[in-house]
Amino acid sequence: MPPLLRERMYRKLQQTIQAKIQSLLVERYGVELATLVVELPPKIEFGEMALPVAFELAKRLKKAPRMIAQELAPLLAGIEGVASVDVAGAGYLNLKLDRGDVVKRMAADEHAAVGGAGFRLVEHTSINPNKAAHVGHLRNAILGDSFARMLKRDEYKPGWEIGVQNYIDNTGVQVADIVVGVTTLEGMDLDRVKEWMQELFESNQRLDYACWDLYARVSQWYDSDPALAVERKKLRIDTLHKIEEGNNDTATIADLIATGVLRRHLETMERLGIEYDFLPRESEILHLDFWNTARELMIAKGVLYFESEGKNKGCWVMRRAGVAPAGLGDGPGPEVNGELTPSDGPDEDAKILVRSSGTVTYVGKDIAYHLWKFGLLGKDFFYAPFHQYASHMCWTSTDKPTGQLPDGKGFGHADAIYNVIDSRQDDPQTQVKEALRGLGYEAESERYTHLNYAFVGLTARTAEELGYTLTDEERAKNFIEVSGRKGFGVKADDLIDRMIAAARTEVDARHPELEDAERAEIAKTIGVGALRFFLLRFTRTTLIAFDFKDALSFDGETGPYAQYAAVRAANIFRKAGVEAEAALVAVQSGDYAALLASEEGTSVWEMWLAASRVSTVLEQAIAAAEPAILARYAFQLAQQFNNFYHRHHILTETDETRKTLLLATAAVARRELVRVLGWLGIGVPSAM
RNA sequence: GCGCCCGUAGCUCAGCUGGAUAGAGCAACAGCCUCCGAAGCUGUAGGUCACACGUUCGAAUCGUGUCGGGCGCACCA
1 MPPLLRERMY
11 RKLQQTIQAK
21 IQSLLVERYG
31 VELATLVVEL
41 PPKIEFGEMA
51 LPVAFELAKR
61 LKKAPRMIAQ
71 ELAPLLAGIE
81 GVASVDVAGA
91 GYLNLKLDRG
101 DVVKRMAADE
111 HAAVGGAGFR
121 LVEHTSINPN
131 KAAHVGHLRN
141 AILGDSFARM
151 LKRDEYKPGW
161 EIGVQNYIDN
171 TGVQVADIVV
181 GVTTLEGMDL
191 DRVKEWMQEL
201 FESNQRLDYA
211 CWDLYARVSQ
221 WYDSDPALAV
231 ERKKLRIDTL
241 HKIEEGNNDT
251 ATIADLIATG
261 VLRRHLETME
271 RLGIEYDFLP
281 RESEILHLDF
291 WNTARELMIA
301 KGVLYFESEG
311 KNKGCWVMRR
321 AGVAPAGLGD
331 GPGPEVNGEL
341 TPSDGPDEDA
351 KILVRSSGTV
361 TYVGKDIAYH
371 LWKFGLLGKD
381 FFYAPFHQYA
391 SHMCWTSTDK
401 PTGQLPDGKG
411 FGHADAIYNV
421 IDSRQDDPQT
431 QVKEALRGLG
441 YEAESERYTH
451 LNYAFVGLTA
461 RTAEELGYTL
471 TDEERAKNFI
481 EVSGRKGFGV
491 KADDLIDRMI
501 AAARTEVDAR
511 HPELEDAERA
521 EIAKTIGVGA
531 LRFFLLRFTR
541 TTLIAFDFKD
551 ALSFDGETGP
561 YAQYAAVRAA
571 NIFRKAGVEA
581 EAALVAVQSG
591 DYAALLASEE
601 GTSVWEMWLA
611 ASRVSTVLEQ
621 AIAAAEPAIL
631 ARYAFQLAQQ
641 FNNFYHRHHI
651 LTETDETRKT
661 LLLATAAVAR
671 RELVRVLGWL
681 GIGVPSAM
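In the numbering used here, the protein residues as written are 1 to 688.
These are computed hints drawn from the structure, not numbers from a lab. A couple of the hints might just be wrong.
Said to hold, decoys possible - Label-pair restraints from in silico Cβ distances:
id	residue 1	residue 2	range
1	Val26	Tyr362	49 to 59 Å
2	Ala384	Asp555	39 to 49 Å
3	His413	Phe455	27 to 37 Å
4	Arg510	Gln636	23 to 33 Å
5	Ala384	Glu296	20 to 30 Å
6	Glu32	His413	33 to 43 Å
7	Asp191	Glu296	34 to 44 Å
8	Asp399	Gly310	32 to 42 Å
9	Ser357	Glu231	18 to 28 Å
Unchecked claim - Below 20 Å or equal to it, Euclidean Cα-Cα: the simulated EDC-like pairs (lysine to aspartate or glutamate) are:
id	residue 1	residue 2
10	Lys104	Glu581
11	Lys59	Glu71
12	Lys486	Asp223
13	Lys379	Asp399
Remember, predicted model here, so these are calculated numbers, not experimental data. Quick reminder that beta carbons are idealized off the backbone N, C-alpha and C, glycines included.
Go ahead and model the full structure; you've got the sequences and the hints to work with.
Written out as structure tokens, the structure is:
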């Protein structure tokens, strides 16, 4: 069978039809359209594909749209897979597909391929390793993990080669704060810190939880005595510098705690099915001098220059993204004696990358790091194994040569990158892209996606439930912002525990006959599914006001609703004593065209039509970098299935032809639902 | 002050590159379990898509402005 005939489900059919019409338009009217819209009609009576192309042509051809549509309609009738073409409304071209044909193709699992060449790096989670993860971090990790699953090669799609990274800021101020906490507030030295961590471990206490409270205490402590505030802040900076330098007890304490907390984060995320391939650390970016290499590249290209005047005097700066330089000229003038002379006064808006003290800012380090990601820095990390997952190793960076290189290539050779980062960092992210552009890496800059999302707050109700006393001002707002400094927020592990416990209560009530271990497993799948779905159903720009009551609801538009539909479908096969696979094979022989065309069959056909859109929706979700699109689609599939389930009673169906089709319908619905949920990291339990 | 995001049903949100009577869930009300498990289904009610202009055959969608809310604009990360 030629490839064109093989891949002809919704997405493929759409592509074929678009190409055909484009050539028809050129042939007949000499018109070329940049894009040709093919949409899903609002009602099934209008067919499966609708083309508003006649409206578009009306103004160019100075003809009534309906007239154009009537001219085009007969020309489209010959397209393969199209059963009929109608002109509707003021000039819509509505296509009806050959239902019997589509059903057989889908039963054989023919679908458009999604994927491509190149290595893509997805970076997410990136929690400061100085305290427990909270809901906001979960949104980040779940978004990133789902997106990685959408891209990755699997049974359904060739996908892309990908690497999943979790950037570890193990030498930042937040880690410094926790070090100040254990040393100054708790009076520990290195040996005592080791003992303390051992004690926590032996008494089954979580290090990240202990740090959560300590971090809050330190943050308060800095400002608790105005007379000592300056001194205490100095202690903080001194501690930071010692950590950055390395090779001293302070740095060792920082490393012990940061690594210990990081291991806890990995445990927390693993509970949700989230794994990483590589953990690049800031300490190596410093010790391997990534910045100096980047710095030279940037100076050579004139992107980075020394400011000798104005408020940024003594700093190395670059033009701020999206802002014209403050001076009259187009940026800095020619370089003179190692310094660039501003063409027309200093650019006061410039972004500082190196402070007058000689230290590098966050954005500076980030530029170096991103040159590495694209393989443009000309140097690499050294790699060491860090954590063994069931199916693969998670690596970390190190500054000592190990002779080990994951997959023989490491990770710094991306063709495209996706950074899952809070939208409060839109500006610095834009600045990094601007630096790439300035260095002449236009293409890389284009393939740099900041997968941004609005932060997660808490509803007033949930904040009060956590024992937080609200001010009147806070009560009036739609959400309360979480604060690590105040130790205020919903810790990830606590939340996961509550989700699973809520599911467990239901499972125990519904399935007392099951073994304890199986009930536990089912509850975990449901609790995790509910949590992941809850954080995925909102589009990225939507600020989530987290509320326990909403999250713990398992009715309606939730993960458990979708899981339930898949479980119901599976139950049908169990009770019928038929394998889903066999049902899909069975539908190949037999003629269902008439049945599918009937009024009753249309409600069955709608299930197939919904299921046929998997590739289309996946492509759309990848293009928009928006897992919420898939989450909503999963819900729609489940809803469609529940409709179908109530309308057609399969097991009692006496007509064999009809029963075969109904069984195949349930099989397809379940297959696609399981797939889509899988990309969202949501499993389907054995029973519900 | 400048930049970015947002304003859609009582509440929480969808609405793709403009297109057919603006859609879900929750909450409310009325029904449906001797029938593939009711974490489900059916029905009712609920909207001047913040507002005003503009572009267009056509605007929730694009443009400008106003009002209201959020977030950024450090020699912090």
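Now for the hints, and whether the structure bears them out:
1. Between Val26 and Tyr362, the C-beta spacing of about 53 Å keeps the proposed range 49 to 59 Å intact.
2. Between Ala384 and Asp555 the CB atoms are about 47 Å apart, so this pair conforms to the stated range of 39 to 49 Å.
3. Our hint of 27 to 37 Å for His413 and Phe455 holds, since their Cβ atoms are close to 32 Å apart.
4. Remark: the range hint 23 to 33 Å for Arg510 to Gln636 is upheld by a beta-carbon distance near 26 Å.
5. Restraint check, Ala384 to Glu296: a C-beta distance of roughly 28 Å satisfies the suggested window 20 to 30 Å.
6. In this structure the supplied range 33 to 43 Å holds for Glu32 paired with His413, their Cβ-Cβ distance being about 38 Å.
7. Taking 34 to 44 Å as the suggested C-beta distance range, the pair Asp191 and Glu296 conforms, at roughly 42 Å.
8. Asp399 and Gly310 have their C-beta atoms about 37 Å apart, which keeps the hinted 32 to 42 Å range intact.
9. A beta carbon spacing of about 19 Å between Ser357 and Glu231 agrees with the range 18 to 28 Å that was offered as a hint.
10. In summary, the hint linking Lys104 to Glu581 is supported, as the alpha carbons are separated by about 13 Å, within the 20 Å threshold.
11. Among the hinted pairs, Lys59 with Glu71 is consistent with the structure: their alpha-carbon atoms are about 16 Å apart, no more than 20 Å.
12. Using a Cα cut-off of 20 Å, the hinted pair Lys486 and Asp223 holds, with the two alpha carbons roughly 12 Å apart.
13. Between Lys379 and Asp399 the CA atoms are separated by roughly 12 Å; this keeps the pair inside 20 Å, and the hint holds.
In summary, the structure agrees with every hint in the numbered list given earlier.
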